[in-house]
Amino acid sequence: MATESSYYVPEQSRLPIFATIGLFLTAFGAANWINGGSSYIFFTGALAMAGVLWFWFAAVIRENMAGLNSDQLKRSYVWGMGWFIFSEVMFFAAFFGALYYIRTFAVPWLGGEGERGESNMLWQGFESTWPLMVTPDAAAHGDAAKITGPNAIIDPWHLPLLNTFILLTSSVTVHMAHVFLKKGKRTAFNLWLGLTVVLGALFLFFQVEEYYEAYTHLGLTLESGIYGTTFFMLTGFHGAHVTLGTIMLLIMLLRSVIAHHFKPDDHFGFEASSWYWHFVDVVWVGLFIFVYVLGS
Amino acid sequence: MAHGPKPGFSRWLYTTNHKDIGSMYLWFSFTMFLLGGCMALVIRAELFEPGLQIVQPEFFNQMTTMHGLIMVFGAVMPAFVGLANWMIPMMIGAPDMALPRMNNWSFWILPFAFAMLASTLFMDGGAPNFGWTFYAPLSTEYAPPSTTFFIFSIHIMGASSIMGAINIIATILNMRAPGMTLMKMPLFVWTWLITAYLLIAVMPVLAGVVTMMLMDIHFGTSFFSAAGGGDPVLFQHVFWFFGHPEVYIMILPAFGIISAIIPTFARKPLFGYSSMVYATASIAFLSFIVWAHHMFTVGMPVAGELFFMYATMLIAVPTGVKVFNWVTTMFRGSMTFETPMLFAIAFVILFTIGGFSGLMLAIAPADFQYHDTYFVVAHFHYVLVPGAIFSITAGVYYWLPKWTGNMYNETMGKVHFWLAFIGLNVTFFPMHFVGLAGMPRRIPDYSLQFADFNQIASMGAFLFGAAQIVFLFNVIRTVMGGKKATDEVWDNPEGLEWTVPSPAPYHTFSTPPAVR
Numbered sequence: 001m002a003t004e005s006s007y008y009v010p011e012q013s014r015l016p017i018f019a020t021i022g023l024f025l026t027a028f029g030a031a032n033w034i035n036g037g038s039s040y041i042f043f044t045g046a047l048a049m050a051g052v053l054w055f056w057f058a059a060v061i062r063e064n065m066a067g068l069n070s071d072q073l074k075r076s077y078v079w080g081m082g083w084f085i086f087s088e089v090m091f092f093a094a095f096f097g098a099l100y101y102i103r104t105f106a107v108p109w110l111g112g113e114g115e116r117g118e119s120n121m122l123w124q125g126f127e128s129t130w131p132l133m134v135t136p137d138a139a140a141h142g143d144a145a146k147i148t149g150p151n152a153i154i155d156p157w158h159l160p161l162l163n164t165f166i167l168l169t170s171s172v173t174v175h176m177a178h179v180f181l182k183k184g185k186r187t188a189f190n191l192w193l194g195l196t197v198v199l200g201a202l203f204l205f206f207q208v209e210e211y212y213e214a215y216t217h218l219g220l221t222l223e224s225g226i227y228g229t230t231f232f233m234l235t236g237f238h239g240a241h242v243t244l245g246t247i248m249l250l251i252m253l254l255r256s257v258i259a260h261h262f263k264p265d266d267h268f269g270f271e272a273s274s275w276y277w278h279f280v281d282v283v284w285v286g287l288f289i290f291v292y293v294l295g296s
Numbered sequence: 297m298a299h300g301p302k303p304g305f306s307r308w309l310y311t312t313n314h315k316d317i318g319s320m321y322l323w324f325s326f327t328m329f330l331l332g333g334c335m336a337l338v339i340r341a342e343l344f345e346p347g348l349q350i351v352q353p354e355f356f357n358q359m360t361t362m363h364g365l366i367m368v369f370g371a372v373m374p375a376f377v378g379l380a381n382w383m384i385p386m387m388i389g390a391p392d393m394a395l396p397r398m399n400n401w402s403f404w405i406l407p408f409a410f411a412m413l414a415s416t417l418f419m420d421g422g423a424p425n426f427g428w429t430f431y432a433p434l435s436t437e438y439a440p441p442s443t444t445f446f447i448f449s450i451h452i453m454g455a456s457s458i459m460g461a462i463n464i465i466a467t468i469l470n471m472r473a474p475g476m477t478l479m480k481m482p483l484f485v486w487t488w489l490i491t492a493y494l495l496i497a498v499m500p501v502l503a504g505v506v507t508m509m510l511m512d513i514h515f516g517t518s519f520f521s522a523a524g525g526g527d528p529v530l531f532q533h534v535f536w537f538f539g540h541p542e543v544y545i546m547i548l549p550a551f552g553i554i555s556a557i558i559p560t561f562a563r564k565p566l567f568g569y570s571s572m573v574y575a576t577a578s579i580a581f582l583s584f585i586v587w588a589h590h591m592f593t594v595g596m597p598v599a600g601e602l603f604f605m606y607a608t609m610l611i612a613v614p615t616g617v618k619v620f621n622w623v624t625t626m627f628r629g630s631m632t633f634e635t636p637m638l639f640a641i642a643f644v645i646l647f648t649i650g651g652f653s654g655l656m657l658a659i660a661p662a663d664f665q666y667h668d669t670y671f672v673v674a675h676f677h678y679v680l681v682p683g684a685i686f687s688i689t690a691g692v693y694y695w696l697p698k699w700t701g702n703m704y705n706e707t708m709g710k711v712h713f714w715l716a717f718i719g720l721n722v723t724f725f726p727m728h729f730v731g732l733a734g735m736p737r738r739i740p741d742y743s744l745q746f747a748d749f750n751q752i753a754s755m756g757a758f759l760f761g762a763a764q765i766v767f768l769f770n771v772i773r774t775v776m777g778g779k780k781a782t783d784e785v786w787d788n789p790e791g792l793e794w795t796v797p798s799p800a801p802y803h804t805f806s807t808p809p810a811v812r
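As given, the protein sequences belong to chains R and Y, one line each in that order. Position one of the first sequence corresponds to residue 1 (our numbering), numbered consecutively onward. Position one of the second sequence corresponds to residue 297 (our numbering), numbered consecutively onward.
Warning: the hint list may mix true and false statements.
[What the hints assert, rightly or not] Just some of the chain Y residues that point at chain R, by a computed CB distance under 10 Å:
no. : residue
1   : Ser306
2   : Asn313
3   : Asn399
4   : Asp512
5   : Gly524
6   : His533
7   : Pro597
8   : Gly651
9   : Phe652
10  : Val672
11  : Phe676
In short, the hints are calculated from the structure, not lab data. Just so you know, even glycine gets a beta-carbon here, dropped at the ideal spot from N, CA and C.
Next up, chain R with everything else stripped away, as it sits in the complex (with noise of 0.2 Å):
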């Protein structure tokens, strides 16, 4: 409840048409280029939307550091970023639950097993395994098949170890980073920051690679398959995610050493980054166990 004497009232803004403007283009230029037109529109959007999105943090953050946000409207900020991320979780549970039901229900129904097992009389020679190295199609029709299924899957035990150790880790130093800068030490708040952005452009050089070694010598791509489909619609959402978390953080990295910005007391957009960084290591948590280990 409110414990404010007055109120915050805004004064106009333009910030918000000009979003829409840039967000309108971005999406309709983004169909438009997928559809096989000109992609001119879709980059003039994105380059809107970006330079909007800069003047509105522009915006927010002379308004706090001139001492006009109350209280309340930080609360707000609060609240607003908490039930966004809670929004993204949905959006992964969207694609974690696709995968469940694929492995649980519809590849053994498709292979003969279970209740709805008829199915598998459309697909005769089909059998259920994970992962799913025989598609339906290959399985039925050999080599007239148009979808098939991957040659080798990613190995949990290596790069993507080696990418669970990185992101664990860099959920670690950005609390180290912001137990520093609540104790008002800078350079060590800076030094931990960069620690975390580099292990995050580590992690996406990693996944870069695993890419590159399932497409050229796995055979493993969004084609091949279910496998394949929710291998890389999972890793790649997340893969985005963490993509703009690392610009996230590096931006917050810039704020502090170029223009000295937070306070011991008051730092809401670093710390709501550092939510968004915990939250896309949780998510790969999940992906580790649910689509590389018990993937294989």
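We have chain R already, so just place chain Y on it with the hints.
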């Protein structure tokens, strides 16, 4: 701090005022309501007689699809968000929404998203034609190229909904005036709090399912293709995991509006306030575990059919609590029948009819007979038209004097009500009969024996459409002028919104109001 609206059109583009944004949401919603309504009239005109008269089957399919999408995402949801914007800050004693700039962004995305969706009608291959539920593989392998634009318009309207919901939660949890404890909040605020939670939980799942479609169509994945080891039924599971809570997103705020109106015109406090809160929360919880009742005939294990059948029937319990409380509130009240009350009473009766047909559909073995017939169409139009639309209409008549400072024309309001009430029943009641007799939905032609009831339904549809013109005229007249409303407007209504002047000042509260 500026004390009044800026002059000129830029006021609407740059505004951060919850009342401006609420009004824009409501006008946008009404525009979409008319557009989606015209599409419904194309459908009813074609179905006036058996055989093909007016449109081609391909265009008929585009009309059913676009009608559903526009009504769900363009008319009903934005109308509730508009009412939330207007009323929640006033009801809890807040100066504005918690995040006013994001509020403006949430709104302005919508006209762009729907322009993009509507533009698919003019693209090569036509608009999406697979129904508003866009089942794969109709929406993937057999879809028109415009589907890509449909997917991205869903993405940005989803972003709008999530931001709107985050804003509402932050407002309710963080901006209440001192003394406004959770269990003192008006039910409209409570139902919106729970609705916003549902929105944040399921709109990302909708984004996920359209992303899977996009990948299957353009990037060779196998989510919904059995050839690659996927399953088209997976689409239905993910879609309805979104879709069923979505149904409650469109009805919970309606419960809140009705719970505000009935006590005012029965001149009694609401019966069973806390049971209303718990019933709303129970319905929200149950909405997550009933989704496969939309899929009884798709081929599920018997255990699944039974679980979803019983879970669905459970919903009747908290819903029954609500209907009981509304009826009990009216019992021995000093009732008067102004237009908002007429719509509210019609809501209670007709929504209950829709609830009972829902109970019939919940019985899995019986659903094998009803599935994909006009009985289903009758059922969900009975919960959505007298449910969502009537409650929104009731809310507009109830709060319009507070918004504009002028009373609406009561006679015209009653004319609107009776035309709409008769029109809707004439349209949708016969659909129960043709549905039980086996008339399939989403088909532009039908067997001769269904002709009589379909002609009646089509006439009712045009009557219902005409009634909305009366509504539009009445609202515009009230905005322009009319008899001045008092601050209380009604006879001793409850709530902080009635303690401020009519029309409510541009910034309602600059300091927190006292809460009793």
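Quick rundown of the hints versus the structure:
Taking 10 Å as the C-beta cut-off, the interface hint given for Y/Ser306 holds, the closest approach to chain R being about 8 Å. At its closest, the beta carbon of Y/Asn313 sits 9 Å from a beta carbon of chain R; the interface hint therefore holds under the 10 Å criterion. Proximity of Y/Asn399 to chain R holds as hinted, the smallest CB-CB distance being about 8 Å (cut-off 10 Å). Interface hint at Y/Asp512: satisfied, since its Cβ lies 8 Å from the closest Cβ of chain R, which is below the 10 Å cut-off.
Evaluation of the Y/Gly524 hint against chain R yields a held restraint, the C-beta minimum of about 4 Å falling below 10 Å. Of the supplied interface hints, the one on Y/His533 holds, with its beta-carbon coming within about 6 Å of a beta-carbon of chain R, less than 10 Å. Hint on Y/Pro597 holds. Least Cβ distance to chain R is approximately 4 Å, under the 10 Å limit. Against a cut-off of 10 Å between C-beta atoms, the interface hint on Y/Gly651 is violated, since the closest Cβ of chain R lies about 28 Å away.
This hint is violated: Y/Phe652 has a C-beta 31 Å from the nearest C-beta of chain R, more than the 10 Å allowed. The interface hint given for Y/Val672 is violated, since its Cβ lies 24 Å from the closest Cβ of chain R, which is over the 10 Å cut-off. A least Cβ separation of about 24 Å between Y/Phe676 and chain R goes past the 10 Å threshold, and the interface hint is therefore violated.
This entry does not satisfy hints 8, 9, 10 and 11, going by the numbered hints stated previously.
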